[in-house]
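Chain S is fixed; fit chain D onto it per the hints.
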Amino acid sequence: MALIFFVASLSWAQAPEETGFVVISKAPRQARVAIPVFRVRAQAEDAFQLTEELSSLLVKDLEKSGLFSFIPRNSYLRLEPISEEIEDWQAWNLIGAQVLIRGELNELVPGQFRLTLKLSDLPSQKLAVGKNYTGAKASLNRMIHRFADEAILWLTDKRGPFEARIAFVSNRTGRKEIYFADTDGRNVFQLTNTKKLNLSPTWLGGNMLYYTGYDQANPDLYLIELSGKKSLISSQAGLNITPAAGPGGKKIALAMETPGNNLDIYIMNPDGTKRQRVTSHPAADLEPTWSPDGYHIAFVSDRTGSPQIYWIDLSKGSEGEGNYPLRLTYYGNYNTSPAWSPDGRYIAYSRRVGNQFDLFLIDLKAEEGRSEIQLTNTPYNEEEPAWSPDSRMLIYSANPGGNYDIFMISIYRKEPIRITDWSSDETQPSWSLNLYQEGG
Amino acid sequence: MKRKSVWTALILLGVVFMVSCGKNAKKAIDEAQSAVDRARTAEADKYAPDEFQSAESLLSKARDQFEEKEYKDAKANAISAKDQADLAYNRAQERKGIGVTPAKPDESLAYNVPSLSEEGIAIEEQAKAVLKDINFDFDRYDLTEQAKAILVKNAEWLKKNPQIKIIIEGHCDERGSEEYNLALGQKRAQSVRDYMVSLGISPARIKIISYGESMPLDPGSNEQAWAKNRRAHFAIQR
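Which chain is which? The protein sequence lines are S and D, in order. Following our numbering from start to finish, the first sequence increments by one per residue and tops out at 1162. Following our numbering from start to finish, the second sequence increments by one per residue and tops out at 555.
Mixed in with the good hints, there may be bad ones.
In silico lysine to aspartate or glutamate, EDC-like type, Cα no more than 20 Å apart, as pairs [as the list claims (entries may be wrong)]:
| id | chain 1 | residue 1 | chain 2 | residue 2 |
| --- | --- | --- | --- | --- |
| 1 | D | K465 | D | D511 |
| 2 | S | K918 | D | D403 |
| 3 | S | K917 | D | D403 |
Honestly, the hints are just simulated from the structure, not real lab data.
If we strip away everything but chain D, and leave its shape as in the complex, we get:
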């Protein structure tokens, strides 16, 4: 109702420019909404809850901004919401396909790779689901025992799949200098690479890259979000 009355008011005023901006933003919001719906149908709320929640919160922010007639910002957030929803959808599809529920990260099923390959799942898709992120403490790049345990499992899988080449991405939380965080992200990626090499993975299979604080997993500004964002992520070289 409310949105309808805003539209009517705008048209009555004949503010053609604003209507066209508004239309673009509305279109982006509609697209984000269908992406979120698609992700929900794919049970992304269960299988990729972080990405899904982030999509939903960006979408609701976009709607608020739309109500406030901040069309540019609404559009930008709607586009980000759609990106996140698509990501949630893709991850959910991958994880469902091989029975990984990220809510229970220690489930051994995740590493039961040979039987899964038999089910004909693309090796890259498996890699994405199996190779886990590790986390770091604030302003630190040394590996915790928990992180080492995850890396041992990542290395085991990589040994079984020698054709896979990886990129280790170093990430930081948003606090502190963006530029210093680029250096810190690089050190995190280097620590992980060095440990993987010590576990017998050839350095020729590993590239590293730092994204600093620029690609947070969780856009929030709280301890929980920061802890998630201080991470090294495994991506596949194509």
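For reference, chain S alone in the conformation it holds in the complex:
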């Protein structure tokens, strides 16, 4: 169990100062960041190695985001500041750095650490973000993720996505079970162990997951806490699949069969009560995803003979009462796994191109109306995209080495980042809300 204890988190820089050299609106230009290896004052034998790891974890998070580019350490002219309070700004300007992040790790008592991180805005020569975090060794990684999120918040006015959890399905035991981990792929924990079939994990906030389990020889919907405690939410005979938590976790959507009806989309309370039917069509409707305002649901239907993505306006009631779903995808004959970005702007999905699947974005707010962006283009499969809570990254499954692993991609940088590297298949990832905001 990855219980992380956060003792304190205090900021000595008040509100981040307006520095104004990078304003992110659409495709941001990357801020060039220098991060010397953190200083260390600790008794622990592995303290130096620890600071190396922590510094490179911060570099990785910031690079992953697609919002920062890291200046390699071999080009730094001066590793240490002139004095405790005085930085040699010129030395950093000369190598083209825009942002400098310094860290210091102190071991307060054995096993108890304080990590101090300072972000300086080089053009204005000012300290912009400063944080002190204290906690046990096991919480150090999470401190780094939190600071990376803070740095992204300072740069873009929107918090980063890294202090969160990811969930996915793995068959590494020979059976498909649900796992969760940190966003860097560490602290992996196997959540289900039914030795049956467990699919489609999707976060409700940061501490609970909906998923489909075959415990009772039928694909039923469960809600599970990270302690492993679970409750049965929907168990219609037949399919209870592809759950999606609505905005604020106030409603869920589910594809379900009811007596005499084939697979349609339903919405209900988080505990499965107050069920309302959304679609009514003899074709299969599934994989619902919510718009952030809760007024629309996009979903997959094979009503024209091949799976395509549609959306329906919930404010006009259910399908059929003068309310018909509109088709969103017209290219390709196999479009599935829609995921609406939390900021409302994009619907990500996977499309079959030739014999392979690639990731695409529908930009709902493009200037020229709706437009499509191809995110990946490889000779293998990218599938099952899910959004980061800040709407700037996707987590997905891909099989470059034959088996499926979990990857992330920044929609700005468009370079895949590997998260798992097991020889089994890891699929159906989901990214939780930010734990800092969730209080998880």
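Relative to chain S, chain D alone:
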């Protein structure tokens, strides 16, 4: 020899943790090996060739991973290999018992049920051997003529054995969305159920379930494997 030297090196290094992981993996591999041996003795390579080959390939993968010191993966594959080998053994025993060789699927002997019952074979065992899988085209759930012919024979047997209740499982190949494949597997199971009902089998005797792409018969990623995996399977309700 090679394995021995790896072991020696590990012990010399005193990497206690790895040795214990390695031991678990080694134990799983040994168990898988005995299961494969048992299946081979039961002529599973002849009577249940798909399952047997899959067991052998998983076992050899596990051995490779063991050599690479990927103990967790080696163990997982060894466990799967043992499962497959046991399955191969069971199927081979069933099929040998009633003289069905799956390599010749059209042999009429398979359907010569009455005389077989006289030989005292449990009805469930017969059902497993007689009720055949049917296959589907990619992203399709309609029944081919070949599939219908098989279902007619399955229905005939079910009529003669009215006490048997069945579960029709819908399966898909690995391509495409896992979630869409759950819906497709369900439609395949439904088409088969509807056809069985049209042939006079009571719907009360039939349950259906979709496993999507999660339970492939053949773990391969090629046309041959995919064709085998797009199927509806008959299981017995207990």
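Evaluated hints:
Annotation: proposed proximity of D:K465 to D:D511 holds, straight-line Cα distance about 12 Å (limit 20 Å). Distance restraint check for S:K918 and D:D403: the Cα-Cα separation of roughly 18 Å lies within the 20 Å cut-off, and the hinted pair is therefore satisfied. This hinted pair checks out: S:K917 and D:D403 have alpha carbons roughly 17 Å apart, not beyond 20 Å.
Checked against the numbered hints listed earlier, the structure breaks none of them; every hint is satisfied.
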